[in-house]
Amino acid sequence: MHADRPNDVTSLVNDRVAAIEAGLIEIRRDLHAHPELGMDTVRTAGVVAAELTRLGLTPQMGVGGHGVVAEIAGARPGPCLLIRADMDALPIEELTGLDFASTVPGRMHACGHDIHTATLLGVGTVLKDLAPMLRGTVRLVFQPAEETVESGAAAMVAAGAAAGADIALAFHNRPELAVGRFAYTRGAATASSDEFDVVIHGKSGHAARPHAAVDPIVATAAMITQLQTAVSRVMDPSHSSVLTIGHIEGGSTHNIIPDSCMFQGTVRCRSAESRDTMEATFRRIVEGIAAAMGVTADISYQRGAPALVNDDRVVDATIAAVGAQFGDDQLEQLEGRFGAEDFSYFSDLIPSCQLLVGASQPGRQDRVHNSHYQPDERCIGLGTAALVRAALDILA
Numbered sequence: 001m002h003a004d005r006p007n008d009v010t011s012l013v014n015d016r017v018a019a020i021e022a023g024l025i026e027i028r029r030d031l032h033a034h035p036e037l038g039m040d041t042v043r044t045a046g047v048v049a050a051e052l053t054r055l056g057l058t059p060q061m062g063v064g065g066h067g068v069v070a071e072i073a074g075a076r077p078g079p080c081l082l083i084r085a086d087m088d089a090l091p092i093e094e095l096t097g098l099d100f101a102s103t104v105p106g107r108m109h110a111c112g113h114d115i116h117t118a119t120l121l122g123v124g125t126v127l128k129d130l131a132p133m134l135r136g137t138v139r140l141v142f143q144p145a146e147e148t149v150e151s152g153a154a155a156m157v158a159a160g161a162a163a164g165a166d167i168a169l170a171f172h173n174r175p176e177l178a179v180g181r182f183a184y185t186r187g188a189a190t191a192s193s194d195e196f197d198v199v200i201h202g203k204s205g206h207a208a209r210p211h212a213a214v215d216p217i218v219a220t221a222a223m224i225t226q227l228q229t230a231v232s233r234v235m236d237p238s239h240s241s242v243l244t245i246g247h248i249e250g251g252s253t254h255n256i257i258p259d260s261c262m263f264q265g266t267v268r269c270r271s272a273e274s275r276d277t278m279e280a281t282f283r284r285i286v287e288g289i290a291a292a293m294g295v296t297a298d299i300s301y302q303r304g305a306p307a308l309v310n311d312d313r314v315v316d317a318t319i320a321a322v323g324a325q326f327g328d329d330q331l332e333q334l335e336g337r338f339g340a341e342d343f344s345y346f347s348d349l350i351p352s353c354q355l356l357v358g359a360s361q362p363g364r365q366d367r368v369h370n371s372h373y374q375p376d377e378r379c380i381g382l383g384t385a386a387l388v389r390a391a392l393d394i395l396a
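According to UniProt numbering, the residues represented by the sequence shown are 1 to 396, in order.
Hints in this document: simulated from the structure, not taken from any laboratory. Everything numeric in this text was worked out from a predicted model, so none of it was measured. Where is the CB? At the ideal position from N, CA and C, for every residue including glycine. Check each hint, because a few of them may be wrong.
Claimed, not checked - Pairs of lysine to aspartate or glutamate residues, derived as EDC-like cross-links and limited to a Cα-Cα distance of at most 16 Å, are as follows:
1. Lys203 with Asp259
2. Lys203 with Asp298
3. Lys128 with Glu71
4. Lys128 with Asp15
To be verified - Pair by pair, the computed Cβ-Cβ distance ranges are:
5. Gln361 with Ser232: 38 to 48 Å
6. Thr253 with Phe100: 42 to 52 Å
7. His211 with Pro105: 48 to 58 Å
8. Ser371 with Ser238: 34 to 44 Å
Generate coordinates for the entire structure from the input sequences, incorporating the hints supplied.
Following this line, the structure appears as structure tokens:
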């Protein structure tokens with residue numbers, strides 16, 4: 001054991017977090033009352049930068065938009081551990097009735113990114129004081145625009161936020177888990193998120209004379225039906241994907257065959273190979289049916305965030321640290337999900353792990369992205385302690 005590392009690390013971490021927990025909750029409530037969307041996290045970034053400066057750090061602002069980055073140097077050379085928190089809110093009207101509810105109509109921290117921002121500030125506060133115990137560097141990354149198609153993670157990576165990092169951690173509050181519990185996933189934790197827009201062009205005409213028209217609605221219906229076989233008859237069942245049509249629009253009245261019809265949707269995959277297979281199959285089905293039915297199809301297929309794939313070695317190190325801090329009985333392994341998480345832009349480059357932090361209040365059954373979401377604020381201190389312990393053990 002290094003001379004600067006005390007025997008009872010667990011108590012040390014708990015004591016340091018207990019001393020700042022109330023202040024972190026105050027920061028969270030301030031951020032919750034002033035939610036900002038997407039890339040426009042100007043005020044939030046200012047709060048973060050002010051707190052980091054108060055700690056004696058030198059935050060770099062404007063990284064990939066309004067991202068903020070700061071580093072804590074350890075006493076000895078070693079790897080760079082990146083820890084990321086997202087900062088943006090959602091376009092949802094808050095209905096919680098809390099004293100610190102959103103003051104901005106139509107905006108709410110309904111995914112708990114205010115919790116994440118306060119937690120990472122707590123991590124920075126504790127690790128700044130415990131820097132003599134670190135071998136290497138901790139890089140704190142505060143990211144805008146996790147909830148939008150325009151990815152803040154992609155922008156920050158392009159601006160160099162991941163450069164030189166050797167390991168990366170992210171975390172997310174989880175209302176399905178009781179506060180005090182933690183979870184992890186091996187392999188693909190989330191799915192890639194791709195979107196498509198298709199416009200089918202036919203020839204308009206009278207509904208009573210379909211032979212004189214080329215019906216884009218019938219062609220669209222055939223495409224949508226056949227696209228369901230992309231998952232059921234093309235994909236390996238052990239590498240499943242999801243294809244959902246979320247919007248269809250065509251025509252304006254009862255007795256006119258329209259000139260065009262459109263549909264939109266999303267494709268979710270948990271591996272790069274599945275992603276390539278689904279896009280190729282999608283294009284083949286749409287183009288083939290268009291040719292067979294005498295219509296034309298304009299396809300816009302846009303790839304979003306890739307799947308977030310956890311590295312087994314980083315998972316092992318992280319859960320060992322969390323287990324040492326809280327007990328192995330407070331950890332559980334979960335299956336991967338088909339939601340999207342743009343931390344994947346970091347995990348594509350750096351061995352990574354996303355830790356899930358229990359946030360359920362006793363007696364409630366909350367879910368994220370809901371106008372009544374009320375996470376248990378104790379998850380801030382608990383998440384701070386878990387991440388501090390992970391940093392201390394990984395950079396020991």
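Verification of the hints:
Annotation: proposed proximity of lysine 203 to aspartate 259 holds, straight-line Cα distance about 5 Å (limit 16 Å). For the given pair, lysine 203 sits about 15 Å from aspartate 298 by alpha-carbon distance, which is consistent with the 16 Å threshold. A hinted pair counts as satisfied when its Cα atoms are at most 16 Å apart, and lysine 128 with glutamate 71 qualifies at roughly 9 Å. Pair hint lysine 128 plus aspartate 15 holds up; C-alpha atoms about 15 Å apart against a cutoff of 16 Å.
Between glutamine 361 and serine 232 the C-beta distance comes to about 40 Å, which sits within the given range of 38 to 48 Å. Look at threonine 253 against phenylalanine 100: about 50 Å separates their beta carbons, and that is inside 42 to 52 Å. In this structure the hint that histidine 211 and proline 105 lie 48 to 58 Å apart at CB holds, the actual value being about 53 Å. Range check, serine 371 to serine 238: about 37 Å between beta-carbon atoms, so the 34 to 44 Å window is met.
Checked against the numbered hints given earlier, this structure breaks none of them.
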